[in-house]
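Participant: Modelling step: build the complete structure from the supplied sequences, incorporating the hints.
Going down the list, the sequences are from chains E and B.
Residues in the first sequence are numbered consecutively from 1, following my numbering.
Residues in the second sequence are numbered consecutively from 1001, following my numbering.
What the hints contain is simulated information worked out from the structure, not anything from laboratory work.
For glycine and all other residues, C-beta sits at the position ideal for the given N, C-alpha and C.
Check each hint, because a few of them may be wrong.
To be verified - Cβ-Cβ distance ranges computed for the label pairs, FRET-style:
| hint | chain 1 | residue 1 | chain 2 | residue 2 | range |
| --- | --- | --- | --- | --- | --- |
| 1 | E | V233 | B | I1031 | 23 to 31 Å |
| 2 | B | R1244 | E | Y123 | 33 to 41 Å |
| 3 | E | R222 | B | V1248 | 52 to 60 Å |
| 4 | E | L247 | B | Y1034 | 51 to 59 Å |
| 5 | B | R1015 | E | A192 | 47 to 55 Å |
| 6 | B | R1244 | E | H126 | 29 to 37 Å |
To be verified - Which residues of chain E face chain B? A few of them, derived with a C-beta cut under 7 Å, are:
| hint | residue |
| --- | --- |
| 7 | A37 |
| 8 | P41 |
| 9 | D45 |
| 10 | Q125 |
| 11 | A128 |
| 12 | D140 |
| 13 | W144 |
| 14 | R207 |
| 15 | G213 |
To be verified - Some but not every residue of chain B turned toward chain E, in silico, with C-beta under 10 Å:
| hint | residue |
| --- | --- |
| 16 | S1058 |
| 17 | R1084 |
| 18 | I1100 |
| 19 | A1103 |
| 20 | C1219 |
| 21 | G1224 |
| 22 | P1234 |
| 23 | R1243 |
Okay, here's what each chain looks like letter by letter:
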Amino acid sequence: MRQYAKPTLPPLPVEPDGLAPPSARLQHQGQSQALTASRWPARLDLLQGISGLALALFLVAHMAFVASILVSEEMFYRVARFFEGEWLFGTPHPWLVSLVAAGVTGLLIVHAWLALRKFPASYRQHSAFAAHRRRLRHVDTSLWWLQVVSGFILFFLTTIHLYDMLSQPALIGPYESADRVWSGRMWPIYLALLFTAEVHGGIGLYRLALKWGWFVGDAPNRGRLRLRRVRHVFTAFFVTLGLVTLLAYADLGRNHAAHAGERYQPPPSAEPARS
Amino acid sequence: MIPLLRHSARPSRPRRLTLQILRYNPATPEIAPYLQDFAIDESDGMTLFIALNEIRASQDPSLQFDFVCRAGICGSCAMLVDGRPALACRTLTRDCGPRIVLAPLPFFELIGDLSVNTGKWMRGTAERLQTWIAQTQPVDLDALEARMEPALAEAIYELDRCIECGCCIAACGTAQMREDFVGAVGLNKIARFRLDPRDTRSDADFYELIGDDNGVFGCMSLLGCHDFCPKQLPLQTQIAFLRRKMAVEGWR
Chain E
1 MRQYAKPTLP
11 PLPVEPDGLA
21 PPSARLQHQG
31 QSQALTASRW
41 PARLDLLQGI
51 SGLALALFLV
61 AHMAFVASIL
71 VSEEMFYRVA
81 RFFEGEWLFG
91 TPHPWLVSLV
101 AAGVTGLLIV
111 HAWLALRKFP
121 ASYRQHSAFA
131 AHRRRLRHVD
141 TSLWWLQVVS
151 GFILFFLTTI
161 HLYDMLSQPA
171 LIGPYESADR
181 VWSGRMWPIY
191 LALLFTAEVH
201 GGIGLYRLAL
211 KWGWFVGDAP
221 NRGRLRLRRV
231 RHVFTAFFVT
241 LGLVTLLAYA
251 DLGRNHAAHA
261 GERYQPPPSA
271 EPARS
Chain B
1001 MIPLLRHSAR
1011 PSRPRRLTLQ
1021 ILRYNPATPE
1031 IAPYLQDFAI
1041 DESDGMTLFI
1051 ALNEIRASQD
1061 PSLQFDFVCR
1071 AGICGSCAML
1081 VDGRPALACR
1091 TLTRDCGPRI
1101 VLAPLPFFEL
1111 IGDLSVNTGK
1121 WMRGTAERLQ
1131 TWIAQTQPVD
1141 LDALEARMEP
1151 ALAEAIYELD
1161 RCIECGCCIA
1171 ACGTAQMRED
1181 FVGAVGLNKI
1191 ARFRLDPRDT
1201 RSDADFYELI
1211 GDDNGVFGCM
1221 SLLGCHDFCP
1231 KQLPLQTQIA
1241 FLRRKMAVEG
1251 WR
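Facilitator: Listed below in structure tokens is the structure:
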């Protein structure tokens, strides 16, 4: 193989300090010092992954919390009060929920802004990718497009829900949430949010693992197949759990419609003894 | 089953294939691109390379397509077969339907019909990414070469199997949208020279070449490159590896 040596650096001119022409100075310093590539593309790429991972983990935890309604109304009531810091302060502080909602909103904005770098931006890019996707008929290419579309929808759907939680943090409880779902006519939003968020999150986690080579093992094809199965199970499980949970809220809200706005009161026996 | 005893299910008449080929010659822009049908009889073990040569020999000598080695080594005959990038010489017609649509690889400069100038782009990418063994000291051609562990030599050779056919670029959704993206072929070459102990470049030097959105951070892990590489190079693993290394470099 023919080999090339890196060119040797030209010597600095012998003029007194400060008199050397800038071009010669730059040339002498070499590329590594004079024209260093920005470190930001690496940081932004990492941040996109980290923010996405954090949001996906939040999604999983969020689903576990809201699904507590399936255990009992009181269980969900306890979970809601827990997040209002009752266990810490003795009394519920709904602003803690607002704080979490604000944090998630911030994370979402960062993630959406970073993800925008990857979106097709012009007609040419759109049409080139669409033609490519159609002719290639390739699962991971099509999945990426599904992720772009679901991500775009999530820009709007999440803000509706997050503003609700930000502005009315105290209204989280079995009747309060059920009234929001049914009498507040939020169920179509939640239904759409469920599918888009779970699909987006599932593909996102799968792609994150492939992107950084996590959980793939030594055989990339087998590893990818395994990850794909995990993704299917993840999405199917959370969509099903979400549907059942949403149905439970809708049913509760429908039965409670006549008393919409009435707050849930836990049974007296369940109240922690306070002196 | 023992091959000799296997019942040969050869039909009495060969299959009649229709190759639908996208015709366009940039030298005659007044003739708009069009699809032309060519009918031929399928023969045993026929590849698209054989079929195309037969068509050119017996039906249309003006049909343009590239080939050199006809054995999947030169990388000249890559084209879109039913929309997917593949080497014509490695594609058996029996694996295709009776109607096969052939088009030139997208992204690359079209020479005419199925022939594209992958070499021009590959050369430009090689120069841009400096895909050669970079050494700070001039090589002493009289000295014995330093020994290399066989495992390392194998690992380098594994990545060196790239034939620059352009299938990974044609299968890459990112490259279709962003023309400056270096693609799997470029990243694989960086991975190859990064392994090489004779190359004195550090990760900081490699970051200068691929540490941006046209390099490794532009890859969106659509993995068309990995799935359509005719040489089955471990591109998914290599790009993920480079991304980790460059991210560490970028976080400093």
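Participant: Each hint should be assessed against the structure and marked as holding or not.
Facilitator: Against the structure, the hints:
{"no.": "1", "hint": "E:V233 / B:I1031: 23 to 31 Å", "verdict": "54 Å, violated"}
{"no.": "2", "hint": "B:R1244 / E:Y123: 33 to 41 Å", "verdict": "35 Å, holds"}
{"no.": "3", "hint": "E:R222 / B:V1248: 52 to 60 Å", "verdict": "27 Å, violated"}
{"no.": "4", "hint": "E:L247 / B:Y1034: 51 to 59 Å", "verdict": "55 Å, holds"}
{"no.": "5", "hint": "B:R1015 / E:A192: 47 to 55 Å", "verdict": "49 Å, holds"}
{"no.": "6", "hint": "B:R1244 / E:H126: 29 to 37 Å", "verdict": "31 Å, holds"}
{"no.": "7", "hint": "A37", "verdict": "5 Å, holds"}
{"no.": "8", "hint": "P41", "verdict": "5 Å, holds"}
{"no.": "9", "hint": "D45", "verdict": "4 Å, holds"}
{"no.": "10", "hint": "Q125", "verdict": "4 Å, holds"}
{"no.": "11", "hint": "A128", "verdict": "4 Å, holds"}
{"no.": "12", "hint": "D140", "verdict": "5 Å, holds"}
{"no.": "13", "hint": "W144", "verdict": "5 Å, holds"}
{"no.": "14", "hint": "R207", "verdict": "5 Å, holds"}
{"no.": "15", "hint": "G213", "verdict": "3 Å, holds"}
{"no.": "16", "hint": "S1058", "verdict": "29 Å, violated"}
{"no.": "17", "hint": "R1084", "verdict": "6 Å, holds"}
{"no.": "18", "hint": "I1100", "verdict": "14 Å, violated"}
{"no.": "19", "hint": "A1103", "verdict": "8 Å, holds"}
{"no.": "20", "hint": "C1219", "verdict": "8 Å, holds"}
{"no.": "21", "hint": "G1224", "verdict": "5 Å, holds"}
{"no.": "22", "hint": "P1234", "verdict": "6 Å, holds"}
{"no.": "23", "hint": "R1243", "verdict": "6 Å, holds"}
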